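Peer 1: Everything in the sequence shown is counted per our numbering, starting at 32 for the first residue and increasing by one.
Check the hints yourself; a few may be wrong.
To be verified - Below, in silico cross-link-like pairs of lysine-lysine (BS3-like), each with a Cα-Cα straight-line distance of 25 Å or less:
id, residue 1, residue 2
1, Lys71, Lys289
2, Lys121, Lys100
3, Lys328, Lys121
4, Lys41, Lys71
5, Lys124, Lys289
6, Lys365, Lys328
7, Lys155, Lys124
8, Lys495, Lys515
9, Lys100, Lys328
10, Lys328, Lys512
11, Lys121, Lys289
12, Lys155, Lys41
13, Lys353, Lys387
14, Lys66, Lys41
15, Lys155, Lys100
16, Lys133, Lys155
17, Lys289, Lys252
18, Lys495, Lys365
19, Lys55, Lys121
20, Lys55, Lys227
Simulated from the structure, these hints should not be mistaken for lab results. This one's a predicted model, so the numbers in the text were calculated from it and none came from an experiment.
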Amino acid sequence: MSRALVVDDKEMMRDSVSTTLARKGHTVVTAGGAKAALAKLTERPYDVVVTDLQMPEMDGLEFVEELRKLDEQLPVILMTAYGTVETAVKAMKLGAFDFLTKPFSGDELMATVERALEHSRLVKENSILKAAGSVSGARKSEVTHELIGSSEAMRQLTDRLEKIANSHGTVLITGESGAGKEVAARWIHEHSPRAKMPFLAINCAALSTNLLESELFGHEKGAFTGADKLRKGRFELADGGTLLLDEISEISPELQAKLLRVLQERTFERVGSSSARGVDVRVIATTNRDLPAEVAKGTFRQDLYFRLNVLPVHMPALREHKEDLTELTGHFLKDVAKREGRTVKRLDEAAMTAMKGYEWPGNVRELQNICERAAVLTNDEIIRGVLIEPWLNASVTVSPMDEGGGIRMPIASMVEVKRVNGVADSGAASLLPEIICDGQLTLDQVEREVIVKTLEANQGHRQKSARALGIGVRTLGLKLKKWKEEQLVAQSL
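Please take these sequences and the hints and turn them into a complete structure.
Peer 2: Given below as structure tokens:
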């Protein structure tokens, strides 16, 4: 149920309202005046405020005005024995949700509170949907939240996740790119006591430090240029639920310190504010880097690592549980067929043999992409090995727990991508002779040169360049970010 704050300087009225609300199952906190109420509002979020109009020190209208500086959306119901049209209009202009004239019945109070809560719920849901779907947020999950597979590795993983889901501790999920870390995070939330509360995710690698801080903690109106109104951050919106911090290793040292405080004290400050706000959020972090190694290098705080690594989970690479390939493939093919309105395709023996012999450097995400490509591009009900094998051979190789968190791109693979998938003339393969004629470049340098020249050929367009290279836009962005920090490429890329 909701959390309600009842504010009145008269104890009898305060107790009467709070008792009525508590009988309906609401959690109620009381305050004897506006100043005490404002202090409580900075400690933790509430769903509705019921306040008297006539109070010493600060009246109800002044209270609403100050409250709006803390929260622009929180519904406020004013109670008064001196109700006039003029007062009601002024209260509404200041942002009050409704107005109750004393004496009022318990039914009137509950009806007004329920309307306010429904309004609050819709506003919050809208904010959560905007946050979850924003460009700066984590991408929408393209895979199911189910854990597919009956291998011993998957049974052990499911057993571990079940135990973790029933707790409230912070979770750190490690594993290679594409292994299903976000799927595991969502599974934990959906099987936890917080399942009915919000689940929000944010890709820490996709944002600058300043923008990420604002996204996580929110900002006050006027906190910086362009901050024309108060904005709640992911921690505040996810209150009572779960927040996924994807690619946690990519956050700056400054933000690492602020995140540590949230985990330690369960409080945060909006950008531009000096008031600490309490929050109840379960944090799940993911990374494909070796965090102990990052700690040893001094790029990641040791104390933050310990705070995150309370309940560790390691996602196995697909090559470590290939016995699940048949189940996974069948699931993805059915999923694509349902979405596209097509007949469910199935693999012939030659295709499955080819898939079982492949090492799957891109893990489950790569398998899903192959299945979708096969389901869409084949007219036959049988997907023949002659189609599967070249797609596998053309795949970009990914090094496990690579220091750059990204790709290794053998020359042969790039040539095959060019030949099989028909990459445009500005693609990677056409640039190889120019790059490797020296013969003195390392594989890392070849990779960087191919990416830079592909970007130049596509006038800096990342999506076109990623398509030509056969990699994801996110992987491309991570590479460029790392190289810019090391001053290996132009900052304008």
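Peer 1: Okay, which hints does this one fail, numbers in order?
Peer 2: 3, 5, 6, 9, 11, 12, 16, 18, 19
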